[in-house]
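A.B. asks: If you read the protein sequences in the order shown, they are chains A and B.
To convert, note that position 98 of the first sequence is 98 in my numbering; the numbers rise steadily by one, no gaps.
To convert, note that position 185 of the second sequence is 185 in my numbering; the numbers rise steadily by one, no gaps.
Bear in mind the hints are in silico, worked out from the structure with no lab data behind them.
It is possible that part of the hints are untrue.
To be verified - The list that follows gives simulated cross-link-like pairs (lysine-lysine, BS3-like), each with its CA atoms no further than 27 Å apart:
#, chain 1, residue 1, chain 2, residue 2
1, A, Lys10, A, Lys213
2, B, Lys10, B, Lys312
3, B, Lys10, B, Lys188
4, B, Lys188, A, Lys132
5, A, Lys131, B, Lys188
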Amino acid sequence: MLEAANIRKKFGGLVAVDGVDLEIGNGEIVGLIGPNGAGKTTLFNTITGVLEPEGETEITFNGEDLVALGTHEIARAGVLRTFQIVRVFGEMTVFENAVAGALFGTEESISQGEAEERALEALSFVGLEEKKDMQAENLPIAQQKQLELARAVASEPDLVLLDEIASGLTPGEIEELSNTIRRLRDELGISVFWIEHIMDAIMGTADRIIVLKSGEKIAEGTPEEIRNNQVVTEAYLGEEDDS
Amino acid sequence: MSDFLPGGRKLALVGLLFVIAPLPVMGSGYFIGVLSRTLLFALFALALNIVFGHNDQLFLFMGGLGGIGAYTTALVADTVGISAWLALPVAALIAGLIGLSVSWISARRRFTVILISILTLNLQLVFSEAFIGARSLTGGSTGFPYELFTLGGIAEAVGVPTAVVTYYIILAFLMAAMVLYIWLINSKYGIAFEAIREDEMAAESIGIDVVRYKAIAGFVAGVIIAIAGTLLAREATYITPSIFTFLAVDVIALVVLIVGGIRQTYGPIVGAVLVEAIEAILGTHAANWRTAIFGALLIVLFLYFRSGVIVKAQEFFENWDISLGGGNGGTAAVETEPDG
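One chain only, chain A, in its complex shape (with noise of 0.2 Å):
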């Protein structure tokens, strides 16, 4: 699904992202943690082409050049995102940026009854169909954060990139959210790469993780080896002093 070599990306004399490789199946929901300004957000712009990569960075999706394309082009290639601080089309209701999800998302040409009806099922995924023709920025930010995820949905995408989607959530609201990240997986078939902090939500629902620092990769494996790794505990807590 998305493969990426040597992902490097540079502002002027800071390197932020600098030559990561990685690797989302199938079906996989894999975890991206790191320390603040570790480059995890970055990493997320320069895939979805919102920034543009160094000039050896490769990334393929299901095998097309995605280092090629523009923002809107990779997202109709099946790969939607969220973004951290949440970005939904306030002045528009719930439902009408559902429809605005399914009707450009996707390559194929499809009509408006059928994005409506797209639109609909992913207000149903998330639980927002009872909320549909509120004005989105009237929402409370867990519900915005659910919408964005409706948004991408709707879409019917290969692949997800959340960005933090847990934050500022009541621990009530996290664990619902795992669970539906989880149905992202095993009811609709979206692999899922998934950017947090909060090391609950992320532990107990990726596959696998991967740690950034300083934008590089600095360890990936199931959450129970990155939970026993010295390198990632150092990472986040410095080195131990052994006196």
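Following the hints, position chain B against chain A.
C.D. replies: Here is chain B on its own, set in the frame of chain A:
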């Protein structure tokens, strides 16, 4: 009709009102002129509503594009020897392509609304200079008579002044543009425009080709502006660069749109009626103070009606309804989406 054109009945009613509007003043060239200008500035403001209201691309070269439409129609008709009716689509296409190019470049280079307004204002100055400088084509600052579309025959056959026929032709174009606008805004294009206006990055991330949709808006606006400009010259029966200046077209169209209500389906029409009525009343009763009073009125309108007269009127009637016990007791939500 309602499936294809939501609010089509309302538009038909508005059209009917404008059909009968000239009847009481048929003999007055002055009032027919005021009515024609009202429709023309509704047409300019409608184009601005598409490109600026729904797309955040502030076109400040509507005078220039209107002039391109008017001069090109006359020159193509004269040079090729074809009817102005055939030359008008050519002129509209050229202006549309200019609008498309400006929007395409601006979107590709991610220009903000301020940068687009600076770019197009510069183009306005270039076009204004060109209209004066290209004397052999445009007649320079003195221009030339503009009596294309040979309406005299129709006027004679129907037994009305030529200015009245011109009025109804302008009305036909305005209604056609309104149909196009309502269809556009209620279609996939309208959803894309709204998404782009609210958040370009989010719009791109769900698969909307921002450059393409902005270019489409620029093209449609360019076509409508060129038609409005051509009809403006026809209404004046004389073409000079002075009728296509920034002050003469862009400022008025912008005021009309803001007074009527940005992104309101009938904002351009309501705004044009109000602005032209104020101008006409001041011209009749306070000619010496006309500009000063008009300016003061605009300040008041911008201070208290910035969201547009339509939105303010809706708020007023909804609050009135609540105070009379007809509402649901809560704060009434105000419809800010196109009401087509």
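A.B. asks: For a quick check of understanding: which of the numbered hints are violated here, in increasing order?
C.D. replies: No hint contradicted; all consistent.
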